[in-house]
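> Okay, here's what each chain looks like letter by letter:
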Amino acid sequence: MNLAVLAWKSARARAATTLLTILSIAISTALLLGVEKIRDGARSSFEQTVSGTDLIVGARSGPINLLLYSVFRIGDPTANVSWESYQAFAQRPDVAWTVPLSLGDSHNGFRVLGTTTDYFEYYRYGQKRQLSFVEGEPFADVFDAVLGAETARELGYVLGDEFDISHGLKSAAFAEHKDRPFRVVGVLDRTGTPVDRTIHVSLEGIEAVHIGWNNGAPPTRRSAQIDVSDIDKSALQTESITAFLTGLKSKSAVLRFQRDVNTYRAEALSAVIPGVALSQLWRVVGAAEQALRGVAFFVIAAGLTGLLTTILTSLNERRREIAVLRSVGAKSRDVFFLLVCEATILAAIGATIGAAAVNLGLVLFAHQIEAAAGFPLGGFGLSLYDIYIAMGIVFIGFALGFLPGWLAYRQSLSDGLTVRI
Amino acid sequence: MRPEKTTALCVDIQNLEYAWTNGERALSVRHFTIQQGERLFLQGPSGSGKSTLLGVIAGVFAPTSGEATVLGNPFHAMPAAARDRVRADAMGVVFQQFNLVPYLNLVENVLLPCRFSRRRAERVGPSESARINKAQELLSRLGLDDEAQANRPAAELSVGQQQRVAAARALIGSPSLIIADEPTSALDAETRDTFIETLLSEARNAAVLFVSHDASLSRHFDRLVAMENINFTQDQHVLSIPEDALSPAEA
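Those sequence lines, one after another, are chains A and B. Numbering of the first sequence is given in our numbering, commencing with residue 879 and proceeding in unit increments. Numbering of the second sequence is given in our numbering, commencing with residue 12 and proceeding in unit increments.
Treat each hint with caution, since some may be false.
Some but not every residue of chain B turned toward chain A, in silico, with C-beta under 10 Å [as the list claims (entries may be wrong)]:
(1) V105
(2) Q107
(3) A200
(4) D233
FRET-style restraints, in silico, Cβ to Cβ [as the list claims (entries may be wrong)]:
(5) A:A1277 <-> B:S138: 57 to 65 Å
(6) A:F1175 <-> B:S185: 25 to 33 Å
(7) A:A1234 <-> B:R163: 33 to 41 Å
Non-contacting residues of chain A with respect to chain B, defined by C-beta distances greater than 12 Å in every case (computed) [to be verified]:
(8) E1013
(9) Q1158
(10) R1196
(11) A1201
Hints in this document: simulated from the structure, not taken from any laboratory. Every residue gets a Cβ at the ideal spot worked out from N, C-alpha and C, and that includes glycine.
I would like the entire structure built from these sequences, with the hints used as guidance.
As structure tokens, this is what we get:
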């Protein structure tokens, strides 16, 4: 339409401010949409930290607590699960597989997880993805260790390197087991889950560390030192574990199994369904991500305010231009729509560029972003949400145009045909 | 030239009053007419109400009371948008300066009225290319015949050239009334006379209302009217408007 053409030519004549305004809207649109994409990716990745596991069983506690220490390696369990209880459930006919988890030791701030080779077989994350090795293989010997991707990278360990592990989390807090060297036999591929920051050893390895440490219970005093060579590897027997992952033969058995665990008389245990607990936990963790989203919305508000400022600032220098348009027959209404058109056009161009940039950026740099973020970004290409957001920005731009439009309208009425400046 | 209405008078003002929003009178004209095709020289110092009168005749200001019939249209009884339409259809306006829209080229500036009036556009030519040709023709008759110049942005022109482009815009599409508000005050004496002669000869049958404080220019015109003889506002000092006059109204 005529007025839109005039509005565009007028905006183009003020190229520098117009470009900057468009740029600020584009950047804020890109930020909002980018945050949304990462939010989506983060949430789905978070909710798939464990997948394919039907139940996680640990000492009786709240589901989030159990999830935190067993999956995220955060915090400590209130109590352990005895080997007998573990076996009682593991031997049930409806159980397809179990993976025991034994936590409590660390190396340089990285948690050490005692488990069996079944872990590499049955643990799943993301879309039922299995753990894979970048190099090496699962542990076979008592002092073999398999490192998560992040652990290996940060510590700079390669196959064959030896290290000690200590009880508790901080290496300085407790004595290190200097005499029990572990050897790196495998490094896992990056998963974007806490597995990346874990050191995996066999259950026997955990036991070996604690020989003379009062049965594996968290000790606060030293016991007599026993030399590595004195350890009878075949005699290492695990007495308790921290938790275990369970896969059932039939999904319909999940609730019954869970009830059986929760009402188990021999020991106070809890079983949680990972998906349910993860969703609950996300509600807590997600608050930060809500804040991020809030910030993105404020940046949009700033971008649109910039648009308003630019147009309002231009009003005074455009009084003559508007008087000329009035003299050739423009109605006051036309003057109003001229400015509304300008605001809408700038917002539309900015939003389009922003949305295009985000999607193009995601396509071009998907690999780098996934590597840095540690989780896959879902939904490449323009989503319906992107379009809604972009349209929302254009609409707000249109609505904001009413203010300069109205001011120019009033100005044009009082200026009449002549402008004295 | 204006098939739709046939009235002997181009402008017919009776007992016109125009007051600012605070109620102070800017204009009080008992009787003022312009014949069709008449070349009228309106003389008066600044602050005599000239610009306000032009605003009323152009349909930008609505009379506070009285009648202002322009090209057969009772402006005192018409809504603003309808008055704007009459201006787009049948008037041409030239200002003292800053006549051009800086981001449009010469031809686009000349054809601006066609954007706001289809009737006028049709009078200029049946198609956009025909209209562009007409505009270029007109520009060259006014001494801006360089083809390259026609596509230059208006901002690059000298003041004299800008005034001629403004004249071309006022003349395009054969308007019935041309209003020129001090169009020559930014020009030197020589170009001033040439400008007026060209404007009048190109205006052909249109009535021309030419406003200036310089009475020596009146020799080009059929009739001279002094503002002080038609505007009977008592308190002349309020005509120098706005600051103090506007503030009570705002409050």
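> Now tell me, hint by hint, if it's right for this structure.
Verification of the hints:
| no. | hint | verdict |
| --- | --- | --- |
| 1 | V105 | 9 Å, holds |
| 2 | Q107 | 8 Å, holds |
| 3 | A200 | 24 Å, violated |
| 4 | D233 | 23 Å, violated |
| 5 | A:A1277 <-> B:S138: 57 to 65 Å | 38 Å, violated |
| 6 | A:F1175 <-> B:S185: 25 to 33 Å | 56 Å, violated |
| 7 | A:A1234 <-> B:R163: 33 to 41 Å | 35 Å, holds |
| 8 | E1013 | 65 Å, holds |
| 9 | Q1158 | 59 Å, holds |
| 10 | R1196 | 10 Å, violated |
| 11 | A1201 | 8 Å, violated |
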